[in-house]
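Using the sequences and the hints, build the whole thing.
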Amino acid sequence: MPVKDYIRERFFPHLWCPGCGHGIVMNALIRAIEALGLSKNEIVMVSGIGCSSRISGYLDFHTLHTIHGRALAFATGVKMGLPELNIIVPMGDGDALAIGGNHFIHAARRNIEMTAIIMNNRIYGMTGGQYSPLSGYGTLATTAPYMNIDHAFDVVQLSIAAGATFVARTTTYHVQQMTDCFKKAILHEGFSVVEVLSQCPTYFGRKNKMGSAADMMAFYRDHTTPIGSKKKKENPDLIERGIFVQKDLPEYCRAYDTVIERAKGKGQKG
Amino acid sequence: MKDNIKFVQGNEACVEGALYAGLDFFAGYPITPSTEIAEHLSYRLPQSGGKFIQMEDEIASMCAIIGASLTGHKVMTATSGPGFSLMQEALGYAIMTEIPCVIVDVQRGGPSTGLPTSVSQGDVNQARWGAHGDHAVIALTASNHQDIFAITVEAFNLAETYRTPVILLFDEVTGHMRERLVVPEEGEIPLVGRLRTSVPEGVDYHPYLPREDGRLPMSDFGGVHRYNVTGLFHDMWGFPSNNPGVVQGLLRHLMDKINNNAHQIARYNEYFVEDAQVLLISYGSAARSALHVVQNRRPRGERVGLLELQTLWPFPVDLVRERCRAPEIVMVVEMNMGQVLQAVKLGVDDPEKVFLANRIDGSLITPTDIRNILRVIQGKGV
Amino acid sequence: MAKPKLKEHQIQTEWCKGCGICVAFCPKSVLELDSQDKVRVARPEDCICCRLCELRCPDIAIEVIVEQEGSG
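Protein chains in written order, with my numbering: chain A, 1 to 270; chain B, 1001 to 1382; chain C, 2001 to 2072.
It should be emphasised that the hints constitute simulated quantities derived from the structure, not laboratory data. Note that beta-carbon positions come from the ideal geometry of N, C-alpha and C, so glycine has one too. Incorrect hints may appear among the rest.
Below, computed lysine-lysine pairings styled on DSSO-like, alpha-carbon distance capped at 27 Å [what the hints assert, rightly or not]:
1) A:K4 with C:K2003
2) B:K1006 with A:K266
3) A:K264 with A:K40
Chain A residues, not near chain B, derived (Cβ > 12 Å throughout) [unchecked claim]:
4) E84
5) M147
6) A214
So this is what it looks like as structure tokens:
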């Protein structure tokens, strides 16, 4: 089975809970990489801490499992160190946007070529169900036993405002779209963000009475719609999915090559 | 005039030493009094194809150099106390994952924002114990620009030799003061390069299996060996493990590789130590004043000597114990509340004869300060 | 192009955690969970080889194998 060429089989079955969306994200990511025909040696996967971060240990690339929130900062060093590498940075919503929020906006602003995947399950899973910056107003969590009064980020709007040059959103229900988004994001010459709505049936689902993993995916099916669809106009509460931004701007490492050229020119003139 | 003779700040001497050692990636964030290191490297690095990046904070800077080191580069960051505090978690990660890198802390007064433009040596214990969990570190310092250059080169060599972060603890006075620096010719100081594995493609490579000599050959990211790097306790392939034997083995290895080589890592200068009745122990800019006292009092018949430490961690305890045996008085001269004093007292046979001569008000401790404190200890009054 | 024809579902039973996602979304109700909460191919003859079970499996435990063209 070709998918098995990309995983470290001895660690399976993986540690994620039954029905966890993160496994579906990993599944789609493998298929995207396989479809692109990338060599495993040219991929570096950098992850942070949390349920999401464990994905790096399962995949047979150069893998860097770092500290909470800082994956993009590590990835920036790896990419500048060897710009020909493909860098993929899977993160959870807390990892990417709470503790790692500053690194996220700055990596986007620099337009350094890497693919940030935000596996948005709206909860801190590894620590047992605390509210995250994406839980949203009115939800329940182990640290919001009465009601969460924090408003959520809109990852797409945040990414666009921060300057990401590729921004997409999809869900674990829409697996073909997810694979397609990953492919395009990996090929994109710049900072790419793919937000994947990924169910946590164990904590977010249970706390908020969302039903089973399949029920949560059915929710994604019924409450999302392609960007600009007629349905969205009729029902503004629907969450749009698809590719929101895909544009060309100077990529950071290539731009730094210009800095080197200028510096060398100046050095010669003395 | 030969262009290898320069009149520079200590921060520039550090830059020159780093470039001499082969630095080709720097990530940093502006902070007084270290900023000149970043400024000069932003200018110098790209001239030779190296890379400089100003990150969004010190945490990111530390993380970025670790990432770049994994692609085979010699890397460094520079900061001061507050930024050094922010780097501690990633510093612990570099210790755990055994990634060579150099961290410069140009010390200023603390705690907190403290005295940004004034001198202090208050980060000695932060260098030793800033990261959580049991661990060993290498921390070096120097008191003049020629030594700052040499010890910076040494930091890179030790980082590669022991696959570990090395901390350079400079201070505001040495960092900002200008003096002469003679940049050595290429090859004059030996350099330690990255030790890369000779294991060919297709053969099992163990990134965390030490050779007989204790060194661990590396494989650059992007190469033929795909392995895992994690801050979790890990096995010889780099995969997470909570097997008690693996955990204990790794922690012992991380401690032993540094602590068992403490005497090899010990760098120091000695001035009139042999027959000293009063031994001053000092380091960094405080050692300049201590040296002045020694040079000034010797012609007057006072048997004062100076042991100038350049390696602060691992603490050169055997050296210090031995040198402290004969003198009647040992006085640690430093600009903090006695951070090296504690280590000296712990190490010597006779801790009651060890005294502190310090200054903690943001001013450089002067030879007069040292002399006055010594007179009081000797019962001569000021 | 001819419709793909099912050869078999390869199930990695020890990886399956029985979440039921494949069962819930199979358009032809081909799959079931057995008494051990592991996926079981109940009606292979109805399979249209859409592979959605394979793609949506969080445990990478299902592969849909189709007959190679000309090999059947």
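For each hint, the structure was consulted:
1. A:K4 with C:K2003: holds (26 Å)
2. B:K1006 with A:K266: holds (20 Å)
3. A:K264 with A:K40: violated (34 Å)
4. E84: The claim is violated: A:E84 sits with its nearest Cβ about 7 Å from chain B, within 12 Å.
5. M147: holds (32 Å)
6. A214: Correct as stated: the minimum Cβ-Cβ distance to chain B is 30 Å, above 12 Å.
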